Amino acid sequence: MKRIAASQNEPAIILLGAPQGAAGGGMGRVVDYIVQATTSSNGAMESVPLITRDDKSSKVSSLLLLARAVRKTFAMRRRATLIHINMGDRGSALRKSILVLAGRAVGLPVFLHLHAVEMELLPKWALTALGFVFRQATCVIVLGDRYRQWVMTQFGVKPDRVEILWNGVPVPSPESRAHANTDQPVQILFLGSLGHRKGTHDILSALTLIPQGTPGWRMVFAGPGDLDKYKADAAAAGIAQYCTFTGWLDQAETRRTVSSSDMIVLPSYHEGLPLVILEALGLGTPVIATPVGVIPEVLTDGKDIVFCPVGQPAELAKAMERLIEDPALRQSLCDNGLARYRERFSLQAFSADLVSIWQRYTAKAGRAWPRLG
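With the working numbering, the residue at position 238 of the sequence shown is 238, and numbering never jumps.
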């Protein structure tokens, strides 16, 4: 079907396939940042949502939302410049696969943005089916080289159709931040959904292993999940008096909590490139994390992060004890983390890299773009 080429005076129309609201989790926040990239273009770009899931979605209503997204894709096929589809794990992979095929059917350049962190665990038949979908995309966008190599090897996507896009976050990053000895307990923060994948149980186990002579500390668990269960686990471990469970925090509360904490711990079993780590870097809060996903590709142990092995509470305890007792190390991690954030993980860097990818691949597909400036 013949399509109308975009005029240099018309905005680039970005069809954006993604969940809406809290249903999207971290992926949903990245989508918000993509929208910000388009709305800050002085009218040169415009994003049009293709909602595939929302906070009220059941299996049936998700299918209805998907049907509407597909219908909108067909309706806007002559006006749109491209379709950018954000894919996660499980049901997200199924829904977005259908949207990829719809975008391909109407002749749009299709950008498949992979956010999944457990897709490798899918059964062979599912991976075979997904391989067909991935090969239909004009460009597959991944979080780092680990996933770039995986989609090329597992799905047979050609190297010249896979691009790395590191996440970026908008935080009010300070020029500097002081980490020094005070009379106040050192505040350790976990920020995320409480559960096994994020290593919440490992944190509780590690806290019991911190020697009694260690200077004062307190632990804050900020995020949704089974709070009653983890409060009971903390009480059973004899550390309830040191632990606070806040539940879900909005963006302003999150930033205040990160800024007032002396370190963040994220001993996850599976991750991509967590936004919480990037936010901590940008706010000058030292990070302890497991070297999973692409985190070790972009951060260096002992320089701008401290790594601990997956599933080893004793090693996590040693890392926390080390940072509790060494404000100079916290300061060094803070300073290097701030520098790394400004260099690579600001929203400006993310937006510029994303738009560059869009422009290069739409040009290959013969699509004109407006002048950005």
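If you are wondering where the hints come from, they were derived from the structure by calculation, not from laboratory data. Predicted model, so just to flag it, every value in this text is computed and none were measured. Any given hint might turn out to be false.
[Unchecked claim] Dumping the calculated DSS-like pairs for lysine-lysine here, alpha-carbon to alpha-carbon at most 25 Å:
no.	residue 1	residue 2
1	K303	K318
2	K158	K124
3	K318	K231
4	K72	K56
Original post:
Which hints from the list above does the structure break, by number from lowest to highest?
Top reply: Those not satisfied: there are none.
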